[in-house]
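Listed here are the chains, written in short residue letters.
2 protein chains.
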Amino acid sequence: MPRDSTETRRRLLAAADALFYGDGIRSVGVDAVAQKAGVTKRTLYYHFASKDDLVAAYLDGRDVPTLGRYQELIADSAEPVVQRVRRIFEHLKASAKSPRWRGCSFVRAAAEFAGSPGHPARVAASRHKKRFESWLAELLIAEGTADAASLARQVMILFDGAVTQILIHRDPSYADAAGAAAARLLSMRSAQHEAATSVSPP
Amino acid sequence: MPRDSTETRRRLLAAADALFYGDGIRSVGVDAVAQKAGVTKRTLYYHFASKDDLVAAYLDGRDVPTLGRYQELIADSAEPVVQRVRRIFEHLKASAKSPRWRGCSFVRAAAEFAGSPGHPARVAASRHKKRFESWLAELLIAEGTADAASLARQVMILFDGAVTQILIHRDPSYADAAGAAAARLLSMRSAQHEAATSVSPP
DNA sequence: GTCTATATGCCGATAGAC
DNA sequence: GTCTATCGGCATATAGAC
Chain D
28 MPRDSTETRR RLLAAADALF YGDGIRSVGV DAVAQKAGVT KRTLYYHFAS
78 KDDLVAAYLD GRDVPTLGRY QELIADSAEP VVQRVRRIFE HLKASAKSPR
128 WRGCSFVRAA AEFAGSPGHP ARVAASRHKK RFESWLAELL IAEGTADAAS
178 LARQVMILFD GAVTQILIHR DPSYADAAGA AAARLLSMRS AQHEAATSVS
228 PP
Chain L
28 MPRDSTETRR RLLAAADALF YGDGIRSVGV DAVAQKAGVT KRTLYYHFAS
78 KDDLVAAYLD GRDVPTLGRY QELIADSAEP VVQRVRRIFE HLKASAKSPR
128 WRGCSFVRAA AEFAGSPGHP ARVAASRHKK RFESWLAELL IAEGTADAAS
178 LARQVMILFD GAVTQILIHR DPSYADAAGA AAARLLSMRS AQHEAATSVS
228 PP
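Order-wise, the sequence lines are chains D and L. Counting from 1, position 120 in the first sequence corresponds to residue 147 in our numbering; the numbering is continuous, with no gaps. Counting from 1, position 65 in the second sequence corresponds to residue 92 in our numbering; the numbering is continuous, with no gaps.
Incorrect hints may appear among the rest.
The list treats identical chains as interchangeable, and a pair is accepted whether it falls inside one copy or across any two copies.
Computed list of lysine to any residue pairs in SDA-like fashion (alpha-carbon distance at most 25 Å, straight line) [what the hints assert, rightly or not]: (1) K68 x S32; (2) K68 x R36; (3) K157 x E34; (4) K124 x T67; (5) K124 x S177; (6) K124 x H146; (7) K78 x D58; (8) K157 x R96; (9) K63 x P92; (10) K120 x S200; (11) K78 x W162.
Worth flagging that the hints you see were computed from the coordinates, not collected in a lab.
All chains should be modelled from the sequences, with the hints used to inform the complete structure.
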């Protein structure tokens with residue numbers, strides 16, 4: 028008998044999220060996803076055309092919440108931009124301390140499908156990281172930071188570098204080093220910016 | 028008839044390296060490795076106890092050459108440390124332009140086995156990155172840089188962050204942003220160091 | 001040390017009933 | 001929309017001949 032279709036789909040996605048993020052995409056079969064969702068494989072293939080289709084939905088489902096968590100973190104803050112950016116790295120450090128933390132789902136997907144340039148997972152990963160970098164740039168622009176685009180890119184690199192090192196060494200303290208580097212790059216620029224603007228006032 | 032055993036092993040490792048680095052570890056079967064090496068699966072299992080054993084040998088075989096390439100790159104140079112570090116990122120950018128470049132084998136292995144903390148691939152990845160970071164620290168110490176350990180870690184984070192972003196976006200220019208950030212962090216410190224030391228002379 | 005042949009099980013994906 | 005049953009293929013690993 029037909030149950031609620033959207034509810035079934037939601038449970039399939041929740042199962043896929045837990046299993047793909049926990050153990051990796053290629054190491055998890057569609058059997059396991061269907062079983063965890065409490066349906067048969069045939070039902071999974073009713074809701075998703077292929078495993079790749081399910082993988083794409085899994086990553087798409089992580090895009091907005093992942094970035095959103097960082098956006099909420101510093102939205103309600105009147106702190107200067109240097110402190111806001113430091114909070115991003117503090118949040119990363121705290122997240123990484125969870126025993127269920129397994130790094131960045133998008134980076135890991137791109138790594139797993141490094142040999143398949145056009146794979147939906149690669150497309151989703153690139154799109155998410157571009158959105159993250161653009162958000163950082165807007166953050167710096169709003170603060171009147173000079174060279175915001177370049178600095179946002181450097182902070183993005185520090186962020187993913189820290190995530191990678193934490194995953195490899197299982198040591199969240201790499202977030203401290205990355206946060207300190209980001210703060211130093213930003214305060215250098217801020218200092219230059221202040222120096223440049225403090226010349227003009229009457 | 029028994030051929031040269033070490034030669035057979037070498038060819039198995041060469042085949043494993045090409046296939047694992049090209050397509051990923053989990054997506055390549057031992058059948059494909061044996062076939063590319065020109066032997067049967069049974070011979071592969073004579074030389075390696077398991078696929079995990081072969082994977083560990085694959086990564087161990089990349090440890091020394093990978094770091095060695097960067098060491099040779101700046102060993103014969105009398106440039107200041109800032110320029111030497113920039114050359115690391117320039118080399119990364121040049122490497123990433125090759126169509127066969129697929130990011131860092133150690134990062135990708137750690138990503139594939141993120142759900143298996145004790146896996147041999149994870150151990151090999153952590154060991155390699157520690158060696159890389161230690162080498163960077165020695166480089167800075169030799170130059171008399173203050174806070175060499177912290178800066179080496181930050182350069183390491185920038186390096187792996189750049190590798191990751193390049194892989195995700197297929198855009199080697201991320202190496203420029205990372206190199207510029209590293210140079211700025213180092214020149215800040217160098218400036219402080221010079222300022223601190225230029226006070227003492229008579 | 002290398003071979004042929006095979007054990008055993010999971011892979012993604014599908015047929016057809018209800 | 002969900003089910004039972006199954007397809008053909010490939011996974012890691014092994015038995016036993018030479």
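Hint check results:
1. K68 x S32: Classified as within: same-chain Cα gap 15 Å, cross-chain 46 Å, threshold 25 Å.
2. K68 x R36: So K68 and R36 pass the 25 Å test inside one copy only (13 Å; across, 41 Å).
3. K157 x E34: neither (31 Å within a copy, 46 Å between copies)
4. K124 x T67: neither (35 Å within a copy, 45 Å between copies)
5. K124 x S177: between (30 Å within a copy, 21 Å between copies)
6. K124 x H146: between (31 Å within a copy, 20 Å between copies)
7. K78 x D58: Result: close both inside a copy and across copies, 11 Å intra and 23 Å inter.
8. K157 x R96: within (16 Å within a copy, 31 Å between copies)
9. K63 x P92: This pair counts as within: shortest intra-copy Cα distance 22 Å, inter-copy 43 Å.
10. K120 x S200: within (7 Å within a copy, 28 Å between copies)
11. K78 x W162: neither (31 Å within a copy, 43 Å between copies)
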